[in-house]
Structures are given as C-alpha cells and as structure tokens.
Amino acid sequence: MKVRSAGSGDRAGQGSLRAPFDLDRAIARLLTLGTYLSVLLLTVGIVSMAAAGRWPLQSPGVPGLDLARLPGDLAAARPAGFLWLGLLCMIATPSARVLAALLGYLRFGERSMVLVSVGILLVIAASVAIGLSGSGAA
Amino acid sequence: MIAGLGLIVGGAGAGLFGSLLGLGGGVLIVPMLTLGFGMPLRDAVGVSLVSVIVTSSASASVYLQRHVANLRLGMTLELFTAFGALVGGLLAYLLDERTLAGLFAALLIYVAISMLVRHDPRAGGEGAVADDAETSDDEEPPSGGRDATARLSGPGYRIRHIGPGLVGSIGAGVVSALLGIGGGLVKVPVMNVIMGVPLRVATATSNLMIGITASASAVIYLVRGGIDPSVAAPIAVGAFVGASLGSRTAHRIDLRVLRLLFVGVLGYTAFEMTRKALLL
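Chains as they are written, first to last, in this note's numbering: chain A, 57 to 194; chain B, 808 to 1087.
There could be a bad hint or two in this list.
Using C-beta positions, here's what the derived DEER-type ranges look like [unchecked claim]:
# : chain 1 : residue 1 : chain 2 : residue 2 : range
1 : B       : Phe-1078  : A       : Leu-113   : 20 to 28 Å
2 : A       : Asp-122   : B       : Arg-1059  : 41 to 49 Å
3 : B       : Gly-813   : A       : Ala-107   : 14 to 22 Å
4 : A       : Arg-167   : B       : Ala-810   : 48 to 56 Å
5 : A       : Ala-152   : B       : Val-894   : 34 to 42 Å
6 : B       : Leu-1068  : A       : Ala-131   : 27 to 35 Å
Footprint (simulated), chain B over chain A, 3 or more residues, beta carbon under 8 Å [claimed, not checked]:
# : stretch
7 : 150-163
8 : 166-180
Short derived list, chain B residues pointing at chain A, Cβ under 8 Å [claimed, not checked]:
#  : residue
9  : Ala-865
10 : Ser-868
11 : Ser-921
12 : Ala-1025
The hints are simulated quantities; they were obtained by calculation from the structure and are not laboratory data.
Just so it is clear, the structure is predicted and the values come from calculations on it, not from any experiment.
The beta-carbon is built from N, C-alpha and C at its ideal position, and this holds for glycine as well.
Okay, chain B solo, but in the shape it has when bound (with noise of 0.2 Å):
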C-alpha cells in the first residue's frame, strides 16, 4: 500500500514540476522508480513515458484553451521529434543498463547546470514559464505571405532558423525515447534561443508536442512489454493531479525558488545515477 501512495505522490510532484517547467517530468521519474522502488531502468523508462503523455495532454489542453501554445508549430516540430523518438525507441533496446545510467546522469547535470546559469528568460531556461516571455510583442509581425515562416509565426514574434530548429527537434525525440523524458530540455532551448519563439510559448507548445513524442516511443514499450500497468496507473494519476495543478497556478508561482529547488534535486539524482552507472 506505502508503494502505490509513494507512486501517486511521486507522479504527482513531477507531474508539478514537469508542467511548470515545460518538461514532461520524466527527469523526475525515472531516478525515483530506479533508486526509490528499484526497478530497471529500462521498465522505468516505460512507465516515465506514460507519465509524460499524461502530463503533456493535462497541460497541452489549458495551454491551447488560453491560446498560448503555437499548435502549427508544434506539429510541425513534433513530426521530426516523434521520427526521432521511433529511432530512439529501436536503439533502447540495444544499450545495456549501465549506458543509458551513465546517460541519464549526463542529461541530469547538463539541465541543472543550463537552469543555474541562465537567469535571463530569453536566454532559453527551462525553468521560467512563468516568467511572461511574450515581451516581443512590440517586434514587427511577419508580414502575412504565406511562406512556412509565416505560417508558423505567431502574434508578435517571427520564427526564425526552422532548419536548425528541425534537426534539434529530431536530437530531442531521440533522447525522449532513450531516457523516457518528455524532450523539453531540448526542445524549449530550440525553440526559444535557435528559433526566436518567446519562452512562454516555447513552453507551451513543448508540452502541447511532448505528448506525441513520447507516445511513438511508449507503442515500442507496450508492445514489446516494457510498462507494468500496475506502476504506470499511479504514477499517471498521480501525474494528472500535478500537472493540473500546475498548468492552472504557473502564472503566481515565483519560480526561482522553485528552480533552485529543482536544480538541487536534479543534482542529487545526477550523483545517485552516476554511482548506478559506475557500480552496476
């Protein structure tokens, strides 16, 4: 019993985190069911994406509601990072344990060293959606023709760089898949440093794409066996409950607190996963 309530409380916090900070929460996840509950790293990178697609489409929903996530440009986004989660998904199944620990902990310290020092919300940090990013709104608009760049600009900002943009999308599906995230921790940086889309939509869109990501690596994982229902419903439930919360309170949340936390728990994660991937 301890376990499944210790599951749902667990989704729930990342569910929290990964709505506020435009990730799908599986940074979160994966270091708790290997290190907390003790299950390989590969079945929980299954049941990760689960929580993602929960967390992505509990909060992809208020985002479009309010009209803040760019649905064109998240589509068109995520059929390259969902062509990449599909190969991610492949190679998985092809790494040993101790490789995708080593990683894990890799992408642990890049996130939490990326978060500490970039303060400056245009500058790509994850951790501000809070922060109102929509400060381009005095830029010039596009100009209304009907090239792709265009299409996919939004109200008051103009998409720039779409290649560089494309090609980190698909570096973004493959680590999804590999590592059970959502894919934000690259994706919001593309979207916000490389292609000019101001960071509160960068945000939302990433969670808007998120879901797609993950779902075209998760159908490899069901199929092939690798969710335990039993695990992925609490952590799903208990995801929804978070990422409710959070897409509905992100507007009052002072988020540098809440980043400084995050980095001091990706830190401590990073540590546990390098001694997994050391010790195994």
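Isolated chain A (complex conformation) (with noise of 0.2 Å):
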C-alpha cells in the first residue's frame, strides 16, 4: 500500500506510514472549493450589478465594506453584499489553506511545519490588526 504523507515534497515523512492522507490533493480541494465559491459570488455581483445598470468605475461606486450590513445585503440580494462577500471569500481562501495544512501537520506530529504554519497565521492576523487600527486614519 503506497501511503502518503504530508505533501509530495517531503522525503522524511514520505515512509513513516502514519496515516493514509495525501495533504497536498486536501489542501488543493480546499482551494478549488474557496475559488470556485468566490468566483461565483463575484459573478453574481457583477451580474445583479448589471442587471440594475451599473458598471465598474460609475460613480457613486460601490458602499465600502460594512460586516454589519453585509447579511442585510445579501438578503436583499444587493450587488454589494455579493460583491463584498466574494471578495472576503477569495481573500480568506489562502489563508484556509494554511489552517488546513497546520490540521495536517498536526495530525502527523511534524512540530516545524505546525509553528510555520502557526507564524503565518500569526502574519496575517497581524495584517488585519494593523489594518484595523489604521483604517481610521487612512
């Protein structure tokens, strides 16, 4: 039985049959799911935003991103709401899949690749901070 571990790149992990998981075609699941998802809000966005006759670059523009509103939006199948959420989608989906990847690396007991996968996540939650604490001045 050719057992698989935690990507194709790795030759340490590659014979220690730990578990019957290939990593790396969960991880690509993962991210066709969260494009595929995205693309598809988008595109209803682009078309319910058509189909009220708007285009890119009018003014006034689309409203800024508001999470409070957002559920208000999509329930009234507003283009923003799907805009906004497809976008979200798509720019959440890598960080998905490193959160993917630490449950892997956990699962096989691979301590570096789970502190690197922590420290990314760490990264980016550092990106939405500082975002955050500057977005009322900028």
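If you follow the hints, you should be able to join the two separate chains into one complex; please do so.
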C-alpha cells in the first residue's frame, strides 16, 4: 500500500506510514472550493450590478465594506453584498489553506511545520490588526 | 458595459500569463488599470492583489493535485514573504504615487531584461514553466535525515542555501505589497538559482506562495478602503478563467514565443509607467 504523508515534496515523511492521507490533494480541494465559491459570488455580484444598470468605475461606486450591513445586503440581493462576500472569501482562501495544512501537520505530529503554519497565521492576524488600527486614519 | 468587459478580458489575459509564467499577473493588471482605466496607482495595486490571490488559488490547486508544487518549502518561505508583505503594505501608504510608479517601471525593466537574457531554464528565467526543469532526477536524493534541508527537499533535488532563500523571500514580500504583484518575479529566481529547486517546481511553488503573500497585504488595503469591489470582481473572474486555462495548458504551449510577447508588453508598459512617474 502506498502511503503518502504531508506533501509530495516531503522525503522525511514519505516512509513514515503514519496515515493514508494526502495533504497536497486535500489542500488542492480546499483551494478549488474556496476559489469556485468566491468566483460564483463575484459573478452573481457582477450580473446583479449590470442588471441594476451599474458598471465598474461609475460614480457613485459600490458602498464600502461594512460587515454589519453585509447580511442585510445579501438578504436583499444587493450587488454590494455578493461582491464583498466574494472578495472576503477570496482573500480568506489562502489563510484557510494554511489552517488546513496546520491541522494536517498536527495530525502527522510535525512540530516544525506546525510552527511555520502558526507563524503564517499570526502574520495574517497582524495584518488584520494593523489594517483595522489604521483604518480610521486612512 | 465596455469597461466591465474590458476588465474581465484584461483579468483573463493577466491570469493566463501569470499562471504560465509563475507570476501573479499584477505586472499587467496595475499598468492596465492605471494607464488604461485611469485608476490611481494605489487603488490599482489593491485590485491587483485580489487577482493575484485568484491566480494563485486557481493554479496552485492544479499544481498541488499533480504534486508539482512543494508544499513544505512553499509554506516555510511564505512565512517570510508574508512578513515582508506586511511591512510592504504599510510602506505603500507612506510613499507617493510618483515613487510607486517609478519603482514599478524599474521592476518591469528588470523583468523584461531577465526574461530576455535567461534562456537556460535552469538559470532562473521565469518564463519557462513549460520547460521541464525536472532535469535533476538523476541527482543524488537527500539522505533522508531529519534536518531542515532534507525535510524541504523534494524527489530528485536537494535544497541548498536556505538562509539567503529566506532573506530573498522577505524581499519578495515587500515588493509584492508595494507594487501589487505576486512576487513570483523574485521568488522563482530565488528558489531556482539560489536554492537549487528545479524550475518547474519553483514556478508551481511560487504560484502556491503568492496567494498568502498577496492576502497579507490585501487585508490592509481592504480594511483601509483601498479595494473597489466593482473593479476587483470582473478582474478576479477574468483572472480565474485565465489562470485555470493556463495551468491546464502550460505543458502544451511554446513559451519561447510567449516570453517574447510578454517582454514586448513589459517594455511598453515600463515606458508608459516611466512617463507617468516623470509627468505626474
């Protein structure tokens, strides 16, 4: 039985026979899912924007991101709701991929890659924090 | 309506080129939006980062499925590129438009020249994803030790010079966030030339990494209102179509022709960006 550990590039783990789980393929599926979902939402947003007779770069533009207003925009099928949710999904997909890798490496007990994954997520979290702290001034 | 269609087509072209050449496509999108649609450069960078994420996710899923990308190496390097991107995202709000335009023009010239002079796929040219660079299959495989080098190496190649590779990754992150590109322009040569990663693996791994690099800085642009969703959406949808097509047809395309075409486009946009930097 051919058993693959975390990542095809891993030589140390290939022979470890820990679990019949292919992390590369699992992450590939997650990326595909995230991308398709985002593109679907963005497409719905573009079509509904066009149906409302609005086009890119027109003034006034799409209202800014307001998380509190997002559910209402989606419920009312407003273009801004789909566009913002699609963008949020798109931007979150790489982070979701890192989270999935973190879980995979935890499962394989690979401490160094767990630390790397946590480090990446911390940098992303710092980006969000810095962005939020500077948003009032921007 | 024409603007919307133009953005979708432009995004598709950038996604196709980006996927084929291991780039995010930002080198085309930023000039297209600033020169073609009159967007401010910083807004164009924000939109471009979204398309870079699309290109990365769409391409990387295929490359991971086929086990071409090296997940371990990519994640280790992207820890450093993400940090660089965080720094670059902050710097971008401190620099004026002319400086950014000048930096972008310099970047385009660098890419165009490096693509012209590097014909050997092992020499680090980015425009050779279709060149099968897994020519090191006959090299001695890693010993299987538990050291970092062995862990990050792949079948048929052994990673070297990890330290310089990590420093180069930070630089790639800064450049990415400042100019709205994926950073593949730096990452691919760093992995290929400095770290000894076969070009095909380096290109695929770069495609994987640029998503995180771009998202680290895209978050800052998003929260600060630097991304217009009505522009980002058509660009992203177009980039998705182009990147999907590119990653599935990479092995069938003669990239020598593509590379020359790409150099021509880069040369023209470098000229226009230089004018923008000097005349703004």
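Results for each hint:
1. Phe-1078(B) x Leu-113(A): 20 to 28 Å: 24 Å, holds
2. Asp-122(A) x Arg-1059(B): 41 to 49 Å: Once the Cβ atoms are compared, 46 Å apart, the range 41 to 49 Å for Arg-1059(B) and Asp-122(A) holds.
3. Gly-813(B) x Ala-107(A): 14 to 22 Å: 19 Å, holds
4. Arg-167(A) x Ala-810(B): 48 to 56 Å: 51 Å, holds
5. Ala-152(A) x Val-894(B): 34 to 42 Å: 24 Å, violated
6. Leu-1068(B) x Ala-131(A): 27 to 35 Å: 47 Å, violated
7. 150-163: holds (count 5)
8. 166-180: holds (count 8)
9. Ala-865: 5 Å, holds
10. Ser-868: 4 Å, holds
11. Ser-921: Hint violated; Ser-921(B) Cβ to chain A Cβ min 26 Å, cut 8 Å.
12. Ala-1025: 5 Å, holds
Of the numbered hints stated above, those contradicted by the structure are hints 5, 6 and 11, listed in ascending order.
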